[in-house]
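Chain by chain, the residues run as shown.
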Amino acid sequence: MTLSLFDGLTALLLVILAWRCLVVPDLFRGIVLFVVFGLLLALTWARLDAPDLALAEAAIGAGILGVLLLGTWRALGSPRSGETPASSLSRWLQIASGLGSALLAGLVAWALHLVPGSEGGAGTLAVEELPLPATGQPVTAVLLDFRSYDTLLETAVLLMAVVGSWLARSSLLDAIAGNDATTDTPVVPALVRLFAPVLLVVGAYLVWAGAHSPGGAFQGGAVLAAAGVLMALGRVLGTAPNVGWLLRLLMVLGLLVFISAGLLLMPTEGSFMAYPERWAGLIMHLVEYALALSIALSLLLLFTGAPGLRRLG
Amino acid sequence: MSLLGALIIVCGLFFYLAGTVGMLRFPDVYSRLHAVTKADNVGLGLLCLGCGLLFQSWSKAALLLVIWLLAVTAATVGCHLIARNRLQQGDDAE
Numbered sequence: 001m002t003l004s005l006f007d008g009l010t011a012l013l014l015v016i017l018a019w020r021c022l023v024v025p026d027l028f029r030g031i032v033l034f035v036v037f038g039l040l041l042a043l044t045w046a047r048l049d050a051p052d053l054a055l056a057e058a059a060i061g062a063g064i065l066g067v068l069l070l071g072t073w074r075a076l077g078s079p080r081s082g083e084t085p086a087s088s089l090s091r092w093l094q095i096a097s098g099l100g101s102a103l104l105a106g107l108v109a110w111a112l113h114l115v116p117g118s119e120g121g122a123g124t125l126a127v128e129e130l131p132l133p134a135t136g137q138p139v140t141a142v143l144l145d146f147r148s149y150d151t152l153l154e155t156a157v158l159l160m161a162v163v164g165s166w167l168a169r170s171s172l173l174d175a176i177a178g179n180d181a182t183t184d185t186p187v188v189p190a191l192v193r194l195f196a197p198v199l200l201v202v203g204a205y206l207v208w209a210g211a212h213s214p215g216g217a218f219q220g221g222a223v224l225a226a227a228g229v230l231m232a233l234g235r236v237l238g239t240a241p242n243v244g245w246l247l248r249l250l251m252v253l254g255l256l257v258f259i260s261a262g263l264l265l266m267p268t269e270g271s272f273m274a275y276p277e278r279w280a281g282l283i284m285h286l287v288e289y290a291l292a293l294s295i296a297l298s299l300l301l302l303f304t305g306a307p308g309l310r311r312l313g
Numbered sequence: 314m315s316l317l318g319a320l321i322i323v324c325g326l327f328f329y330l331a332g333t334v335g336m337l338r339f340p341d342v343y344s345r346l347h348a349v350t351k352a353d354n355v356g357l358g359l360l361c362l363g364c365g366l367l368f369q370s371w372s373k374a375a376l377l378l379v380i381w382l383l384a385v386t387a388a389t390v391g392c393h394l395i396a397r398n399r400l401q402q403g404d405d406a407e
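If you read the sequences in order, they're chains A and V. With the working numbering applied, the first sequence corresponds to residues 1 to 313, in that order. With the working numbering applied, the second sequence corresponds to residues 314 to 407, in that order.
These are calculated hints, taken from the structure and not from any lab test. Backbone N, C-alpha and C fix where the C-beta goes; we use that ideal spot for every residue, glycine too. Take the hints with a grain of salt, since some may be wrong.
[To be verified] Partial selection, computed: residues in chain V whose CB lies under 8 Å from chain A: (1) 386; (2) 390; (3) 393; (4) 397.
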C-alpha cells in the first residue's frame, strides 16, 4: 500500500517534471528541471528492479548530460530570463500536433495490447540462450553478446560526437574559465582533492562490477568522466590545443578492441562477433574495460570542448 | 531497535520539511542557503543513522556514514560557491 502510493507519486511527479521542463520559459530552470527529472527517472528504474538502467540514467542522463547542458548555457552568454523566443508554431498547429501525438500513442498502446505475450517474456528466453549462464551478469552479457552490434555502434556514435565537437571548435571550458570568479577560491581545489580519488575508485569499481552485478562500461565510464570534469573545473586538468597520440589511442581503444575481437575470431567461428564459448567471458571483460576507458575520455572531451588535455598542477 | 530507527527517520524528515519551508519562505539567497544546507545536512544524517539502525549491519552503516560525509562536503562547497557568486555579482541580479 505504502509502496504503491510512493510509486504513484513518483510517476505523477515524473509527468509533471517533464511537462514543466518543456514549457518553462527560462532556459536555466529548464536545465535544472531536466536534471531533477533524470534523478527521479533513475529512482523509477531502481523501483522497477533495473539497477543497471538506474545507474546509467543517474550517471549519464542526470550527471554528465546536466553538466554538458549547463556548460552550454554558460557559453551561450546566459540570456536574461524571459527572453526565450516564443514558439514559431501557430496555436492551431500546436493543438493539431498534440492531438496527432496523442492519437499515435493510443494506436501504439492498442497495437502493443494485441501482441500476444510469450511465456515468461523475452528476458527469460535471452537469459537461457546466454553463453555464460551461471557466472556472468545477464545485462552485461546481453549488451556485449546479443546486442554487441548495437553497443559497438553506440560507442562509434559517441566517438563521432566528439570528433564533431572538435570540428565545431568552441572551447566551452575556456569560455567558462575566462570570466569565472568561482575558481579562485581555495575550497574548490580542496573538494577536488577529496572527491576525485573517490570518484575514480567508484568508476573503476562499477566497470569491474559489471561482470557480476549492476554496473558496466557505460556507467563506470560516466563516473570516471565525472571525475575528469571535476578535475577540469578544479584546474587540475587543463585543455591543450592538440590531441596527443596517447589520447587518440585511448579514445579509439574501445572500438579497436571490440572490432578486432569480432574480426580476429571470424575464421574459426564463421561470423562477425561470434565468440567461442570458452573465451567469451575473457573477451567480454577485455572489451568492457577498453570501452569504459574510451567512453570516459569521450564524455570528458565533450565537456571540455578542446581536443587535448594536460596536467596543470 | 527498529522502533528507534523509525523514530530517528521521522525526526530526519522533520528537518527536511523545515529546510524546504525555509527555502520557499525566506526572503533572500543567504538565509535560504542557510536553511537548506543546515537543515538538510542534519536531516540526511538522521536518515542515515535511522537506516543504519534498521539494517542492523555495521558495513551498511559505515557505507551510509561515508555517503553522509560526502553529501555534507558537497553541500558545503556548493553553498560556499553560490553565496560567493552572489556576493561578487551583487544583490541586484534577482
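Each hint, compared with the structure:
no.	hint	in the structure
1	386	holds, 6 Å
2	390	holds, 5 Å
3	393	holds, 5 Å
4	397	holds, 6 Å
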